[in-house]
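**Q** Turn these sequences into a full structure, and let the hints steer you where they fit.
Per UniProt numbering, the sequence shown starts with residue 1, numbered consecutively.
Label-pair distances were calculated between CB atoms; the ranges are:
no.	residue 1	residue 2	range
1	ALA42	ARG162	43 to 49 Å
2	PRO600	LEU129	54 to 60 Å
3	VAL713	ARG31	33 to 39 Å
4	LEU34	GLY474	17 to 23 Å
5	GLU658	GLY474	44 to 50 Å
6	ARG639	ARG524	28 to 34 Å
7	SER232	LEU472	47 to 53 Å
The hints are simulated quantities; they were obtained by calculation from the structure and are not laboratory data. Where a beta carbon is used, it is the ideal one built from N, C-alpha and C, also for glycine.
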Amino acid sequence: MRPTTPPAAESPEEDEVNLLLLLRNVSTHRRLFLLVAGGVFALALVYLLSAQPTYRAQALLQIDEDQGSMLGALSDVAGALNLNKSIDGELDILTSRTVMGEAIDRTQAQLDIEPRHRIPVLGRLYARLATPPNGLADPPLGLSELPWGGERLRLAHFEVPRALYGKPFVLTAGEDDAWALSSPDGEEVARGRLGQRVDFNVATRFGPGRGSIQVEELRARSGVSFGVTASSLQTAFEEMGRRVKATETSKDSSMIELTVSGSDAERTADFANALARAYVALNIRHRAQQAHLSLQFLEHRLPALRAELTRAEDALNAYRMRSGTIDVEQQSEALLARVVELTRQQTLLELNREASAQQFRPTHPAMRMLEAQHAAVAEALTQADAQIRALPAAQQEYLRLARDVAVDTQLYTALAANKLQLEVAEAGTTGTAAIIDPALSPERRHWPTTLPVLAGGLMGGLLMGFLAVQVLAGMRRALHDPLEVERLSGAPVYAVVPESKVQSRMTRVRGGSEDPLYHALLSRQSPTDPGVEALRTLRSTFRLALREAGRTAVVFTGPTEGVGKTFVTANFAYLLALTGVRVLLVDGDLRRAGLGRYFPDSVAAPGLSDVLAGQDTLEAAIQHTDQEGLDLLPSGRHRVSNPGELLARPTLDVVLREAEQRYDYVIVDSPPVLPVGDAMTLARACGAVFIVSRYELTNGRQLVQTLKRLTQVEAKICGHVFNGLRASRYGDGYGYGYGYGTYGADPKR
Numbered sequence: 001m002r003p004t005t006p007p008a009a010e011s012p013e014e015d016e017v018n019l020l021l022l023l024r025n026v027s028t029h030r031r032l033f034l035l036v037a038g039g040v041f042a043l044a045l046v047y048l049l050s051a052q053p054t055y056r057a058q059a060l061l062q063i064d065e066d067q068g069s070m071l072g073a074l075s076d077v078a079g080a081l082n083l084n085k086s087i088d089g090e091l092d093i094l095t096s097r098t099v100m101g102e103a104i105d106r107t108q109a110q111l112d113i114e115p116r117h118r119i120p121v122l123g124r125l126y127a128r129l130a131t132p133p134n135g136l137a138d139p140p141l142g143l144s145e146l147p148w149g150g151e152r153l154r155l156a157h158f159e160v161p162r163a164l165y166g167k168p169f170v171l172t173a174g175e176d177d178a179w180a181l182s183s184p185d186g187e188e189v190a191r192g193r194l195g196q197r198v199d200f201n202v203a204t205r206f207g208p209g210r211g212s213i214q215v216e217e218l219r220a221r222s223g224v225s226f227g228v229t230a231s232s233l234q235t236a237f238e239e240m241g242r243r244v245k246a247t248e249t250s251k252d253s254s255m256i257e258l259t260v261s262g263s264d265a266e267r268t269a270d271f272a273n274a275l276a277r278a279y280v281a282l283n284i285r286h287r288a289q290q291a292h293l294s295l296q297f298l299e300h301r302l303p304a305l306r307a308e309l310t311r312a313e314d315a316l317n318a319y320r321m322r323s324g325t326i327d328v329e330q331q332s333e334a335l336l337a338r339v340v341e342l343t344r345q346q347t348l349l350e351l352n353r354e355a356s357a358q359q360f361r362p363t364h365p366a367m368r369m370l371e372a373q374h375a376a377v378a379e380a381l382t383q384a385d386a387q388i389r390a391l392p393a394a395q396q397e398y399l400r401l402a403r404d405v406a407v408d409t410q411l412y413t414a415l416a417a418n419k420l421q422l423e424v425a426e427a428g429t430t431g432t433a434a435i436i437d438p439a440l441s442p443e444r445r446h447w448p449t450t451l452p453v454l455a456g457g458l459m460g461g462l463l464m465g466f467l468a469v470q471v472l473a474g475m476r477r478a479l480h481d482p483l484e485v486e487r488l489s490g491a492p493v494y495a496v497v498p499e500s501k502v503q504s505r506m507t508r509v510r511g512g513s514e515d516p517l518y519h520a521l522l523s524r525q526s527p528t529d530p531g532v533e534a535l536r537t538l539r540s541t542f543r544l545a546l547r548e549a550g551r552t553a554v555v556f557t558g559p560t561e562g563v564g565k566t567f568v569t570a571n572f573a574y575l576l577a578l579t580g581v582r583v584l585l586v587d588g589d590l591r592r593a594g595l596g597r598y599f600p601d602s603v604a605a606p607g608l609s610d611v612l613a614g615q616d617t618l619e620a621a622i623q624h625t626d627q628e629g630l631d632l633l634p635s636g637r638h639r640v641s642n643p644g645e646l647l648a649r650p651t652l653d654v655v656l657r658e659a660e661q662r663y664d665y666v667i668v669d670s671p672p673v674l675p676v677g678d679a680m681t682l683a684r685a686c687g688a689v690f691i692v693s694r695y696e697l698t699n700g701r702q703l704v705q706t707l708k709r710l711t712q713v714e715a716k717i718c719g720h721v722f723n724g725l726r727a728s729r730y731g732d733g734y735g736y737g738y739g740y741g742t743y744g745a746d747p748k749r
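**A** Written out as structure tokens, the structure reads:
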């Protein structure tokens with residue numbers, strides 16, 4: 001038999017993602033999976049209990065879009081112009097620096113106030129569970145100078161030099177509403193009581209500075225301190241801009257929903273209401289300014305219109321006295337009415353354009369619409385004038401004068417009425433915006449909430465655990481399929497040994513090594529076990545596998561410890577002896593004497609090491625077992641610092657040759673290949689090698705490295721035993737089954 005050389009490259013099929021394989025990885029590394037999943041879930045729970053809460057306060061505003069231009073009749077002509085601001089524009093105004101700045105000033109939102117020295121995690125958890133409504137939590141263990149929940153500080157005024165923006169001052173509560181303020185350097189700069197305004201001096205890097213403070217509300221035990229940090233208006237605007245959201249409730253609803261987020265429920269609601277009131281106040285001021293400008297415009301234009309009307313009336317009366325009665329046809333009367341209406345519209349458009357120019361630039365869409373409408377009316381007037389020029393000269397003159405009187409009369413009457421309305425409006429201006437629902441202090445926090453956080457922690461934990469398991473499995477590339485062993489080695493798998501529940505119970509027996517069941521062979525204790533049946537399959541092909549080797553001494557080894565090679569070797573030797581052949585089972589592991597578990601009497605007996613050292617003969621070292629045909633050569637009592645040197649002596653070949661002459665088969669249990677070189681020495685001295693690999697423990701690299709090392713010493717690799725298969729848990733998944741039932745004799749026969 002030629003030495004088996006592992007293939008240079010692995011099959012691409014090994015890279016295919018298999019759901020069954022992923023689930024098996026989770027099962028194999030379930031402790032890691034549960035550890036990671038539980039850890040992530042625990043972090044989510046800690047976050048839920050200790051994270052700073054976020055509250056949301058909401059206010060509802062209404063925008064009255066039906067209120068048009070302050071010029072009244074002037075806006076009738078431009079009804080299609082839609083000069084009112086859109087809701088989008090109102091949203092921009094609501095979150096503008098002007099409105100936000102006023103709300104920030106009213107609520108002192110540029111101040112960051114937090115209790116100091118709160119115990120991380122536990123402090124927030126205690127505050128959440130033990131704080132009564134509108135009260136202070138009782139301090140545990142007498143630690144009254146620490147904040148435990150319910151502490152509150154509200155400042156009516158706090159001003160510091162700009163150089164100290166962003167630097168934390170410390171306000172410490174005293175007895176009977178007293179307080180003391182310390183600078184960022186720790187120096188006390190002010191003392192006072194609730195409601196008292198105090199001016200103070202404070203040092204800055206640019207020299208002495210002035211500041212002032214007024215405490216509006218202080219709820220804390222004596223000794224509890226607060227950190228007070230002031231920021232610039234620009235910084236506060238940027239911070240509040242991230243926490244404010246204004247949206248239209250639905251399309252064309254004219255309703256605005258204002259939402260403000262914050263960590264303090266009362267301050268959040270106060271800011272939402274202050275912002276809404278500032279917006280309404282700005283809207284009213286803007287409307288009042290519009291009324292004032294419109295009134296000024298009308299007061300300027302009305303005298304000129306009155307003079308124009310008087311001139312037109314005088315001209316018409318003079319023409320009548322000069323010409324007498326004019327016969328005007330019905331068609332001419334209709335033409336006159338049309339010309340009057342068009343002229344009125346043209347004049348109103350010109351007035352409206354002049355008034356709008358005070359608010360808009362020439363490129364504004366509203367101004368462009370006015371220009372377009374003015375051009376359309378001018379074209380219609382040109383056509384009407386052409387029809388008038390076709391009339392007799394007397395009728396033309398009469399229609400022109402009558403038109404001027406009618407237009408001037410309508411304009412003057414309408415604008416005089418508008419002036420009266422604007423005078424009333426200026427005296428009691430109301431805006432187009434109104435607060436429908438003011439913001440209320442939220443009772444429940446918006447975030448974090450129990451269900452999303454715990455559900456996210458659970459799902460995230462499962463996902464992270466799953467990924468951790470797959471990464472570990474990918475790094476190890478553990479074997480899951482006997483076909484993988486055959487592809488990697490080029491040698492056949494002679495037996496696939498499933499995991500034995502009986503063997504697991506025997507290993508975990510309560511008495512441990514003191515219980516006889518712990519030392520029992522599975523093939524004797526449970527002869528119909530699926531694992532035993534798999535070893536019988538190996539026994540059936542064993543003779544054929546050794547035919548090419550020409551030797552009867554066989555080594556069972558594995559890449560690493562824990563693959564079950566000693567279990568396979570001991571039980572296989574026992575099953576082989578049941579067929580009537582003479583078998584010598586050799587414990588070649590001079591370091592750990594693995595067969596001592598199944599043959600405890602051999603642990604202190606002479607054995608292979610004694611024979612190799614020349615202290616005993618082979619015949620004297622061999623022990624007879626209670627199974628006919630099965631003898632044991634223990635590892636021996638002779639101990640050396642380096643067993644590899646003892647195995648490397650020529651005596652090993654002599655001992656094995658002599659054993660082959662005495663027995664039909666010599667089965668050697670050797671140490672694993674990768675940790676030490678003992679297995680390579682034993683493999684070279686024997687006729688054949690069987691490599692034991694374990695499901696989900698041995699990986700491809702270990703197997704390939706084992707094959708390389710054995711090939712280097714020209715060991716004859718017969719085949720493989722794939723141990724510990726657990727395919728029945730998920731189904732085989734390979735296209736063929738490894739299910740082993742109990743197929744025994746019929747008890748009725």
